[in-house]
Amino acid sequence: MGKRLWSVPPSSSSLPPPPSSSSLLLPPPPLLSDSVWEGKALVHRRRPGGCQDAIRSLRLFLFPICGLPEDQLRPPLLLLPPLHHPHFNKPRTSRRLAVPGRSVKTEPPTKMSGYQGKKNIPRITSDRLLIKGAKIVNDDQSFCADIYMEDGVIKQIGENLIVPGGVKTIDAHGGMLMPGGIDVHTRFQMPDRGMTAADDFYQGTKAALAGGTTMIIDHVIPEPGISLISAFEQWREWADSKSCCDYSLHVDITEWHKGIQEEMETLVKDHGVNSFLVYLAYKDIFQLTDSQVYEVFSVIRDLGAIAQVHAENGDIVAEEQRRILEQGITGPEGHVLSRPEEVEAEAVNRSVTVANQTNCPLYVTKVMSKSAADVIAQARKKGTVVYGEPITASLGTDGSHYWSKNWAKAAAYVTSPPLSPDPTTPDYLNSLLSCGDLQVTGSAHCPFNTAQRAVGKDDFSLIPEGVNGTEERMSIIWDKCVVTGKMDENQFVAVTSTNAAKIFNLYPRKGRIAVGSDADLVLWDPDLTKIISAKSHNSTVEYNIFEGTEVRGGPLVVISQGKIVLEEGNLHATEGSGRYVARKPFPDYVYKRIKARSRLAELRGVPRGLYDGPVCEVSVTPKTMTPASSAKTSPAKQPNQPVRNLHQSGFSLSGAQIDDNVPRRNTQRIVAPPGGRANITSLG
Amino acid sequence: MSYQGKKNIPKITSDRLLIKGGRIVNDDQSFHADIYMEDGLIKQIGDNLIVPGGVKTIEANGKMVIPGGIDIHTHFQMPYRGTTTVDDFNQGSKAALAGGTTMIVDHVIPEPGTSLMEAYDQWRQWADEKTCCDYSLHVDITHWNDSVKQEVDNLIKEKGVNSFHVYMAYKDYYQMSNSELYEVFTFLAERGGIAQVHAENGEIIAEEQARMLQMGITGPEGHVLSRPEELEAEAVFRAITIASQTNCPLYVTRVMSKSAADIISQARKKGNVVFGEPITASLGTDGTHYWSKNWAKAASFVTSPPLSPDPTTPDYLNTLLSSGDLSVTGSAHCTFSVAQKAIGKDDFTQIPEGVNGVEERMALIWDKAVTTGKMDENMFVAVTSTNAAKILNLYPRKGRIAVGSDADLVIWDTDSIRTITAKTHNSAAEYNVFEGMELRGAPLVVICQGKIVLEDGNLHATSGVGRFIPCSPFPDFAYKRVKARKQLAVLRAVPRGMYDGPVSEFSMSRGGTPSASARTSPTKQPVRNLHQSGFSLAGNPAPCGDLCNSTGGMSTIFLKDIPSFGVSVMVVKGAV
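If you read the sequences in order, they're chains A and B. Residue 500 in numbering that gives the first Met the number 0 is what sits at position 501 of the first sequence, and the numbering runs on without skipping anything. Residue 270 in numbering that gives the first Met the number 0 is what sits at position 271 of the second sequence, and the numbering runs on without skipping anything.
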C-alpha cells in the first residue's frame with residue numbers, strides 16, 4: 000500500500016507466528032491481492048465442518064482457480080443450491096438495479112468528494128438511497144424490510160416503499176443490514192512526547208469505515224497544564240479537517256484544579272461532551288489521587304456525564320517497572336511483567352468503590368484481563384452502574400507475543416493495561432461480552448510505527464503505547480462470538496453499536512435502524528472470510544497485532560451519512576466529511592438509576608439532646624484528619640457552607656428542659672426523665 | 000491467695016501445679032491427661048504422673064483444659080492527644096486474664112516523624128511495669144524513610160518484633176501511599192516480617208467526612224456513614240494486590256464487614272498468603288447502635304473500620320472464622336471514657352476511636368461459634384490462641400499444651416452463663432459495647448506463667464509480672480509458602496539482538512519514567528542498564544551479514560554483525 004516508512008526485511012515476518020495461528024501463515028493468492036476474498040482458497044481446510052462446510056470449501060476453491068474478478072465468479076455459486084446464502088442465491092442480474100449509483104463505484108475518490116455537501120449536484124446521485132430486501136438487525140429484533148434514506152437520514156422503513164424515481168438502489172438479497180459500528184475508543188493522531196500516533200484522523204477513520212464502523216469517539220488528551228477547552232478545540236480542528244466519518248470526543252482529565260471543573264462545565268454545556276476519562280495510572284504524569292478521583296466523579300455526576308477510567312494502579316506499576324529494570328529486563332516483556340493483571344483488577348475495584356460512594360456512573364476503558372472483567376461483573380451484580388469496555392486486542396489476541404524474539408513485533412503489542420499473557424483471556428472476555436457483563440467494545444486504536452516504538456528500545460517503560468484494532472473490531476467480534484454461538488446477531492449489534500449509543504446519549508440517532516436515525520448502515524456478510532495482515536490493512540503501521548488471524552464475517556457495503564463508502568471491496572472515504580456529533584448530558588440509559596438513587600441517598604442525622612457531660616481537654620494537634628482535602632485539589636468543594644450545628648444553635652430537638660441551665664457535675668449519675676432527653680448522663 | 004509472686008513463700012505452693020482429670024484441647028485433637036507444671040513450664044503430660052509430694056492440685060473433673068488465649072491486638076495505655084486510654088497495661092491485662100486470655104500483643108504507635116525505637120522503648124517500659132500477663136509488641140509504621148527502614152531492621156534483628164502495622168486510612172496523618180506500602184512490604188518480605196494493615200481508603204473517608212459534616216451530620220452516626228464497608232473492602236483488595244506483588248505475607252487487622260471478609264477469603268482461595276483478624280466487637284455486635292439517641296452510648300461504639308450497620312454481619316464473620324477463611328481473633332481493645340469520647344461531641348471525626356473486648360473475646364466466640372455448632376473446641380483453640388502463636392512465631396511455646404510449652408492454661412467451663420455489663424467488667428470504661436449480652440462459656444480457672452490467676456471467680460493478677468516475649472522473623476506458618484514462591488518468581492528477560500532500526504525523536508518531557516516520588520523511595524537503587532554494561536543476554540551473535548533470515552536465532556530488524564552496545568541512539572541512526 001506504499002505507506003511504509005522503510006521496508007521490512009523478510010526476516011521480521013518469517014518468525015514463527017503465535018502457535019494458534021501458525022497454519023495460517025501462507026502467502027496470499029497473487030490474483031486477489033486486496034480483495035476481501037483474499038486467501039480463502041488456501042485456508043478453507045482449516046474449518047472442519049459438515050456438509051455446508053464442504054460445499055463452501057468447494058465454492059471457495061473455485062475462485063482462485065478461475066482467476067476471474069470476483070463479480071464474474073458469482074454465477075457458478077448458483078450451482079450450489081444447498082447454500083442458503085442470500086447473496087449467492089439470487090440471479091446476478093438482480094443484484095444491482097439502480098443505474099445512477101453504479102457510477103459511484105467507478106468514480107475516482109476525488110470526484111466522490113466533489114458532491115459532498117455541494118447542493119448544486121442533483122440529489123439523485125448522492126443523497127438518496129434505497130436498500131431493498133434487507134434483514135434489518137437491531138439490538139432487539141431482526142426483520143425484513145426495505146429502507147429508504149435521504150439527506151443522510153433514514154426516511155422510511157417498510158415494504159413497497161414509495162420513493163422518488165431513479166433512486167440508487169442496493170438489493171440486499173436478504174442480507175443482514177445493521178447499524179454501523181461505533182468505536183467508542185480511538186486515539187487517532189495522538190501526540191506523545193513530540194511524536195504523533197501513526198494513524199491520523201483520515202487514516203484512522205478510513206480504517207474504521209473499512210471494518211464497518213461508521214462513528215468513532217476519540218479521546219482528547221490535554222497535556223497537564225494545558226486547558227481542556229483549547230485541547231478540545233485542537234482535536235476538533237484535526238478531526239474536522241480529516242475525519243471521514245462522524246465522530247465525537249471524550250475529554251481526558253489529566254490534572255485537577257478549580258479551572259478544570261469550570262472547563263468541564265463549559266464542555267458539557269456548550270460543546271456536547273458527556274464523558275471524561277481519568278487515569279489511575281501514569282504516575283506523576285496523568286495519574287490522579289483517590290481524593291481527586293472522588294472529586295472529579297462528584298463533578299461528573301452533577302454534570303450528568305460519564306466517568307471513564309483507565310484502571311491500573313500507577314504507584315505499583317512504577318515500583319514494578321523500577322524493579323524489573325533493575326533486574327536487567329528492558330524489552331517489551333518487561334511491560335507486561337511490570338503491569339500484572341492484579342494491578343488492573345485492583346484499580347477497577349477501587350474506581351468502582353469511588354463511583355459507588357459518589358453515585359457516579361462508571362465506565363472502565365480497556366478491560367484487558369479476566370480478573371478486571373470479574374470485578375466489573377461482580378459490581379454489576381451488586382447494582383453498581385458500571386460499564387466495561389473490552390477492546391479489539393483483548394478480545395482477539397493475548398500477551399504471549401511480548402516474549403517474541405522480534406523486538407519490533409513484541410513492541411507492537413505494547414499497550415496499557417497490557418494484553419494478558421493468559422491465552423484463555425480472549426475467550427473469557429468474549430463470553431462476558433456475550434452475557435452482558437461487559438457492554439461495549441472499542442479498539443483503543445493508537446498504533447505507533449516501529450521507529451516510534453524504538454524510542455523505548457533500551458527501556459520498555461519508554462515505548463509509546465497503543466495497538467491497532469479499529470478496522471478489525473467488528474469482524475473479530477463476529478468471528479469470536481457470533482460464529483462460535485456465544486451471542487446472536489442482535490447482541491452483536493448491541494455490543495458493537497447500540498450500547499455505545501445509549502451510554503453516550505446518541506441513541507436512537509446512532510446505534511439503531513429506525514426512521515429518523517442517521518443513515519449509518521452496514522450490510523454484513525457473515526460468510527466473508529479474511530486473513531488479517533499488515534499487508535492489506537488500512538492502518539499505516541508495519542505490524543498488525545492480529546497478523547495471520549483468519550476471521551469470518553465482514554462488511555459487504557458500508558453506508559455512512561447516507562452515502563456508500565465501501566462497496567465491492569472499494570473504499571470511497573472522503574477526508575473531512577465527518578461531522579462532530581454533540582452529546583447531551585444525563586443519558587437515560589445511565590442516569591435513570593443514578594437519579595433514583597440520588598433521591599434515596601439522603602442521609603439524616605440522629606436528633607439527639609445536647610451532650611453536656613464532661614469533656615476531656617485535648618492538645619491542639621488533631622489526631623483525626625481535618626476533613627479538608629489537600630489545598631491544591633479541591634475544586635469540587637463548594638465553598639464550605641457553615642455546618643449547621645444543632646448543638647450550638649440553641650434549637651433543641653427534645654425541647655427545652657427544665658434543667659437546661661443547671662450545670663451538671665461531672666460524674667454524677669442522673670436518671671433520664673421519662674421520654675425526655677437521653678444523654679450521657681443516663682449511664683447504665 | 001497471697002502466694003502470687005512472693006518469693007519468701009516455699010516453692011511448693013507457688014511454682015508447681017498439677018491439673019488432674021482434665022480433657023486437654025489443642026487445635027488438632029482433644030485427649031484426657033493430667034498436666035504437671037513447674038517454673039512456669041509444662042513438665043509432664045500423661046496419666047499417673049510421678050510428681051513431687053505436696054504439689055497443689057486442681058481437679059478438673061473432665062472439664063476442658065485449653066491453651067490460654069492470645070489477644071493479638073490490643074491498645075492499652077494508648078496516648079491520644081494528651082490523654083491516655085482508660086485501660087492501662089495493668090487494667091487491660093487484668094481484664095484479659097479474667098476472660099481467659101494469658102497473652103496480649105499490643106501495638107506501639109509512634110507519632111509520625113518520631114523514632115520507632117524510642118516509641119518501642121517507651122511501650123516496653125510501660126508494659127514491663129504494669130502487665131499482669133506475658134506480652135509482645137507490634138510496631139506501627141506511621142511514616143516511611145530510610146531511618147525508619149533502619150529502625151525496622153533493628154527491631155526485627157534485636158528487639159523481637161516481627162510484625163509491623165501500616166495504615167491505609169487517617170489521611171495526612173498515619174496514611175501511607177501505595178508506593179510506600181509497596182516499599183514497606185518489599186522490605187518486610189526480605190526481612191521475614193508480617194505486614195499488618197489497617198484497611199480503609201483514607202482519601203475517600205476524608206471526602207465523605209467533609210460531605211457528612213456539610214450536611215449537618217455531626218453525631219456518631221456520621222462516623223459509620225462516612226466509612227461505608229465498601230471502603231474497607233476496597234482497601235483490603237488493594238493491600239492484597241500489593242502484598243501479592245511484593246510476595247509479602249499480609250495480615251488484615253480488624254475485619255469488620257462481610258465484604259472485607261469476602262475479599263480475604265477469595266484471595267486465600269487464589270493462594271494469597273493473607274490472614275484476617277475479626278475482633279470481638281465485629282463478631283459480637285453490630286453498628287446499629289451508632290444511631291442510639293444516647294450520644295455517649297453511640298460514641299462508645301466508635302472504632303475504625305466501624306461496626307457494620309448490617310445486623311447479620313457478626314454471624315457471617317463467625318461463619319468465616321469457623322471455616323478457616325478468617326484466621327485469628329483480637330479485641331482491638333482501646334477504651335476511652337465518655338469524657339474522652341466527648342471531645343468529638345460536635346464533630347464525629349474528633350471522637351477518639353476504640354471499643355472494649357479483651358475480656359469478652361473468648362466467651363463471645365465460644366457462645367457465637369461453638370455453642371451454635373459452627374466450630375468445634377479444637378477450632379476454638381486455633382482461632383483464639385494457636386494460629387496467633389504460629390503467625391507470631393511463638394508456637395509451640397504459646398498456643399499449645401505440650402511438654403516444654405509455657406504453662407498458660409485455661410480450664411474452660413462450657414456451661415457457665417454470664418451477662419456482660421459495664422457494672423461488672425474489669426475495664427475502666429463506663430460503657431461496654433456488649434452490654435446486656437448473655438454468654439455461655441467462661442474460664443473457670445486461669446493459669447498464667449504456671450500460677451493460678453483466676454479461681455472461684457477471684458482474680459489474683461500481679462502488676463509487672465508479665466514478660467516481653469520476643470518474636471523471631473520468618474514464621475514458618477507464613478513464610479514457608481512465601482519462600483517457595485520467591486524461588487519460583489525469578490523473571491527472565493527475552494534474549495534478543497539489538498534493535499538498530501530507525502528511532503523516532505522524542506522529547507523527554509513526559510513518559511513513563513519509573514521514578515517513585517522523591518519523598519518516598521528509600522529502597523531505590525541505581526537502575527542497572529544492561530545495554531551499557533557490555534553484558535549481553537543474547538550472547539555474541541554470529542556474523543551473518545545484513546538482513547539474514549536466521550532461523551530461531553537473533554531476530555532484530557536489521558541484523559548487523561557487530562553489536563553496538565552503549566552507542567547512543569543518534570549515532571546508530573547515523574550509522575544506518
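The set of hints was computed from the structure by calculation and includes no laboratory data. The beta carbon of each residue, even a glycine, is placed where N, CA and C say it ideally should be. Among the hints, erroneous ones may be present.
[Claimed, not checked] Straight-line Cα separation of at most 25 Å, DSS-like style, residue types lysine-lysine; simulated pairs:
(1) K380/A <-> K62/B
(2) K583/A <-> K268/A
(3) K269/B <-> K380/A
(4) K257/B <-> K268/B
(5) K129/B <-> K369/A
(6) K369/A <-> K450/B
(7) K268/B <-> K369/A
(8) K380/A <-> K482/B
(9) K381/A <-> K482/B
(10) K380/A <-> K154/A
(11) K482/B <-> K268/B
(12) K450/B <-> K129/B
[Stated by the list, open to error] Over the 12 Å line for every Cβ pair with chain B, so calculated as not near, a few chain A residues:
(13) G151
(14) D239
(15) V316
(16) P331
(17) V342
(18) S350
(19) N355
(20) N405
(21) F459
(22) V481
(23) V482
(24) K485
(25) K594
(26) A595
(27) P606
(28) R607
[Claimed, not checked] Here are some chain B residues pointing at chain A (derived, C-beta under 10 Å):
(29) K148
(30) L180
(31) E182
(32) M211
(33) G215
(34) N293
(35) A298
(36) S336
(37) K340
(38) D345
(39) I416
(40) R417
Tell me if the interface restraint on I416/B is satisfied: Cβ within less than 10 Å of some Cβ in chain A. It is violated, given that the least Cβ distance between I416/B and chain A is near 21 Å, above 10 Å.
When you check the alpha-carbon spacing of K380/A and K154/A, does it fall within 25 Å? Violated, at roughly 40 Å.
Are K257/B and K268/B close enough, with their CA atoms no more than 25 Å apart? Since the Cα atoms of K257/B and K268/B sit roughly 16 Å apart, the hinted pair holds (cutoff 25 Å).
Check on K485/A being off the interface with chain B, judged by Cβ distance over 12 Å: K485/A clear of chain B: closest Cβ-Cβ about 26 Å, beyond 12 Å.
Would F459/A pass as off the interface with chain B, using Cβ distances and a cut of 12 Å? 9 Å, violated
For S350/A, which was marked as not at the interface, is the minimum beta-carbon distance to chain B over 12 Å? 9 Å, violated
Minimum Cβ-Cβ distance from V481/A to chain B exceeds 12 Å: Answer for V481/A: holds, closest chain B Cβ roughly 32 Å.
Over 12 Å from every CB of chain B: does V482/A meet that, or does the non-interface label fail? 33 Å, holds
Given the hint that K583/A pairs with K268/A, test it: the Cα-Cα distance must not exceed 25 Å. 8 Å, holds
Please check whether R417/B passes as an interface residue: C-beta within 10 Å of a C-beta belonging to chain A. Status violated, d = 17 Å.
Mind verifying the non-interface call on N355/A? Its CB should be farther than 12 Å from each CB in chain B. At about 6 Å from chain B, N355/A fails to clear the 12 Å cut-off, so the statement is violated.
Assertion that A595/A lies outside the chain B interface [Cβ separation over 12 Å]: 19 Å, holds
The structure is inconsistent with the numbered hints 1, 5, 6, 8, 9, 10, 15, 16, 17, 18, 19, 20, 21, 27, 28, 29, 39, 40, although it conforms to all the rest.
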